[in-house]
Amino acid sequence: MITLEGVTKIYHAGEVEVPALKGLSLHIPEGEFIAIMGPSGSGKSTLMNLIGCLDQATSGRYILDGYDVSDLTDDQLAWIRNRKIGFVFQSFNLIPRASAVHNVEMPLIYAGDNEQRRERAMAALEAVGILDRASHLPNELSGGQQQRVAVARALITDPAILLADEPTGNLDSESSLEIMKLLRDLNQQGRTIVLITHEADIAAFASRVVRLRDGVIVSDQRQSVTSEMVQ
Amino acid sequence: MSILEGLRLAVNGLLSNRLRSALTMLGILIGVSAVILLVGVGNGATVAVQQQIQSLGSNLLTVFPSNARGAGGVQQGFGTGSTLTLDDVKAIANRQTSPDVVTAIPSAGGRAQLTYGNQNWNSSLTGTTQDFPSVRNYQVASGVFFTSGDVDASSKVAVIGPTVATNLFAGADPIGQVMKINRQNFRIVGVFAPKGSSGGFNNQDDVVVVPITSAWSYLLGGRGKNIQQIYVEATSAEATAAANTEVTQVLLDRHHISDPTLADFQILSQQDVLNSASQSTGVLTLMLGAIAGISLVVGGIGIMNIMLVTVTERTREIGIRKAIGARRQDILLQFLIESMFLSGLGGALGILISFGLARVLPLLVSTLPTPIISTPSVFMAFGISVGIGLFFGLYPANRAARLRPIEALRYE
Numbered sequence: 001m002i003t004l005e006g007v008t009k010i011y012h013a014g015e016v017e018v019p020a021l022k023g024l025s026l027h028i029p030e031g032e033f034i035a036i037m038g039p040s041g042s043g044k045s046t047l048m049n050l051i052g053c054l055d056q057a058t059s060g061r062y063i064l065d066g067y068d069v070s071d072l073t074d075d076q077l078a079w080i081r082n083r084k085i086g087f088v089f090q091s092f093n094l095i096p097r098a099s100a101v102h103n104v105e106m107p108l109i110y111a112g113d114n115e116q117r118r119e120r121a122m123a124a125l126e127a128v129g130i131l132d133r134a135s136h137l138p139n140e141l142s143g144g145q146q147q148r149v150a151v152a153r154a155l156i157t158d159p160a161i162l163l164a165d166e167p168t169g170n171l172d173s174e175s176s177l178e179i180m181k182l183l184r185d186l187n188q189q190g191r192t193i194v195l196i197t198h199e200a201d202i203a204a205f206a207s208r209v210v211r212l213r214d215g216v217i218v219s220d221q222r223q224s225v226t227s228e229m230v231q
Numbered sequence: 001m002s003i004l005e006g007l008r009l010a011v012n013g014l015l016s017n018r019l020r021s022a023l024t025m026l027g028i029l030i031g032v033s034a035v036i037l038l039v040g041v042g043n044g045a046t047v048a049v050q051q052q053i054q055s056l057g058s059n060l061l062t063v064f065p066s067n068a069r070g071a072g073g074v075q076q077g078f079g080t081g082s083t084l085t086l087d088d089v090k091a092i093a094n095r096q097t098s099p100d101v102v103t104a105i106p107s108a109g110g111r112a113q114l115t116y117g118n119q120n121w122n123s124s125l126t127g128t129t130q131d132f133p134s135v136r137n138y139q140v141a142s143g144v145f146f147t148s149g150d151v152d153a154s155s156k157v158a159v160i161g162p163t164v165a166t167n168l169f170a171g172a173d174p175i176g177q178v179m180k181i182n183r184q185n186f187r188i189v190g191v192f193a194p195k196g197s198s199g200g201f202n203n204q205d206d207v208v209v210v211p212i213t214s215a216w217s218y219l220l221g222g223r224g225k226n227i228q229q230i231y232v233e234a235t236s237a238e239a240t241a242a243a244n245t246e247v248t249q250v251l252l253d254r255h256h257i258s259d260p261t262l263a264d265f266q267i268l269s270q271q272d273v274l275n276s277a278s279q280s281t282g283v284l285t286l287m288l289g290a291i292a293g294i295s296l297v298v299g300g301i302g303i304m305n306i307m308l309v310t311v312t313e314r315t316r317e318i319g320i321r322k323a324i325g326a327r328r329q330d331i332l333l334q335f336l337i338e339s340m341f342l343s344g345l346g347g348a349l350g351i352l353i354s355f356g357l358a359r360v361l362p363l364l365v366s367t368l369p370t371p372i373i374s375t376p377s378v379f380m381a382f383g384i385s386v387g388i389g390l391f392f393g394l395y396p397a398n399r400a401a402r403l404r405p406i407e408a409l410r411y412e
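Chains as they are written, first to last, in this note's numbering: chain A, 1 to 231; chain B, 1 to 412.
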């Protein structure tokens, strides 16, 4: 599903070159629930941007769902983001002037996929359990509800992976638990999920934990996840 | 993303900042209504001038004697020559040699002091022949015009304009009355109907017309049988050019001049006057339009300014849209539609307001010519306003489209 080979990313801060990733290789098979952990400055945000096709690597190869995205144009990357990746951000990133259902159908608008658009968006909202809030604006929703809308939006185009960047970072513990259960359920339905977090109890939901430090992988562990752990 | 979707987004965006959108629109609104209204005023002035010129008599050619040449060929003032005669007039009116001419009349005159009882009036005197009413588009309202017999006999008869009748006779019937023109007794045989163009420097209703022979004999003493101009009526407006050629040939032959550049007369057609007047009012219209156009450009800059602010404000939104799959052209289209919608709506409102003002303004300012709003100028103004939205929206929209998603998402 996802294959990274010798990926490096170097940022230029004036004259100084700052390497954020140093020849990282990682393979994520389909249906996996992987957590990427690391302290700030470890390169995990850079990795998330690369996996999410929001940025491109300085060198190395990245293959996503059979597409080599290493050197695509901006518009091709937009297409990949639209069809292959569903984003869930820490700060929800809903469009403030659009209703919940309009936020959810927005990826379909950019995909030019208008067939039963509204119905599919409503179905996605139902799947995350907030159908009754469909016509509300984001600022009329609680944090947990907003994040559910974001998850519904991420899933509407049936992407290859769901990329969650600190999805519980702005939520209280109860909402966090609900969102993580939602992600776990989605994974059990076969969805590949890449979770970026620095919280161990959030990473505990994943079946595999990769730890980063200074732009390299320092550990890669599989763990047994049980819902009982959460309870 | 479809255009419809873009329009929905644009309306949504504009409604979220009502006051700002309204003020920005106001810039375009003022610009568009200024352009339409001022061009309308220019057109109104053109039409007013044209009507005034045409009321002097359509299909009209005017023959002037050339400037007299003094000793050594020094040219004297315009119209100082006295080379035209009554025989010239008769020759010009001959249908054999000039088929495109209906008739021709001589004209000589000046200012005249009119007296009736204890009333005095100073008016414009014209000495001419019996064909004056048809050539100069005058209608006789009461009484008759003088005849060729009166011209041959140098009869002391006169036809007066309505302004003279009002001022000298104050409601009484002037027909048959004897008034004094420059202390000579003249019997009034007719009164002209008003021509309507009472304003301006040349009041066509304030006239007194007498047989040219009488004018020569009693009123224009000492100046001989001088003809100041010959008015020639062509068969139609289209025939004036042909009539011009024919009249030129007749006069050249009669005056034994072989080189047309040495002609001792000049011919001015009403069309020439009309053309030069139209040209100057056209320049006026253009100037008014250009000045108003500046305010449109200022309005456009206002739109650009607001769109730049909007793009900055919505940087994060742009980042989100890009993250979920918006391409450059989607973002570009979104902001272009928004700025074009803003300016187009402003333009449409400006058109409505200019129609309203075009009705109200002449009531408030009576000297203003009635603005004439032409359909093409309305479409053009709307097109230009949308075009301004496109032009001034391009830079901000392009700026939005080029934002990098990770930087836009990080923007607070």
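Because the hints were derived from the structure by calculation, they are not lab data.
These figures come from a predicted structure and were not determined experimentally.
Where a beta carbon is used, it is the ideal one built from N, C-alpha and C, also for glycine.
Do not take every clue at face value.
Okay, the calculated bits of chain A under chain B, using three or more residues with CB under 8 Å as the criterion [unchecked claim]:
| hint | segment |
| --- | --- |
| 1 | 46-58 |
| 2 | 70-81 |
Estimated spans, in silico, between C-beta atoms of each pair [what the hints assert, rightly or not]:
| hint | chain 1 | residue 1 | chain 2 | residue 2 | range |
| --- | --- | --- | --- | --- | --- |
| 3 | A | Ala123 | B | Met380 | 48 to 54 Å |
| 4 | A | Gly31 | B | Asn17 | 44 to 50 Å |
| 5 | A | His198 | B | Arg404 | 42 to 48 Å |
| 6 | A | Ala123 | B | Ala290 | 57 to 63 Å |
| 7 | A | Ile10 | B | Asn17 | 16 to 22 Å |
| 8 | A | Ser25 | B | Thr312 | 38 to 44 Å |
| 9 | A | Gln76 | B | Thr312 | 26 to 32 Å |
| 10 | B | Ile294 | A | Val16 | 48 to 54 Å |
| 11 | B | Leu4 | A | Gly31 | 52 to 58 Å |
| 12 | B | Ala290 | A | Ser59 | 57 to 63 Å |
Results of checking the hints against the structure:
Counting residues of the segment 46-58 of chain A whose CB lies closer than 8 Å to any CB of chain B gives 4, so the stated coverage by that chain holds, three being the minimum. As drawn, the segment 70-81 of chain A meets chain B at 5 residues by the rule of a beta-carbon pair under 8 Å; at three or more, the given contact holds. A beta carbon spacing of about 50 Å between A:Ala123 and B:Met380 agrees with the range 48 to 54 Å that was offered as a hint. Separation of A:Gly31 from B:Asn17 is about 46 Å and conforms to the stated range, judged on CB atoms against 44 to 50 Å.
Between A:His198 and B:Arg404 the C-beta distance comes to about 25 Å, which lies outside the given range of 42 to 48 Å. Here the CB-CB span from A:Ala123 to B:Ala290 is close to 59 Å, well matched to the stated 57 to 63 Å. For the hinted restraint 16 to 22 Å between A:Ile10 and B:Asn17, the CB-CB distance of approximately 41 Å leaves it violated. Separation of A:Ser25 from B:Thr312 is about 40 Å and conforms to the stated range, judged on CB atoms against 38 to 44 Å.
A:Gln76 and B:Thr312 have their C-beta atoms about 27 Å apart, which keeps the hinted 26 to 32 Å range intact. Hint check: B:Ile294 to A:Val16, Cβ distance near 50 Å, so the stated range 48 to 54 Å holds. In this structure the hint that B:Leu4 and A:Gly31 lie 52 to 58 Å apart at CB is violated, the actual value being about 39 Å. Checking the proposed 57 to 63 Å range against B:Ala290 and A:Ser59 shows it holds: the Cβ atoms sit about 58 Å from each other.
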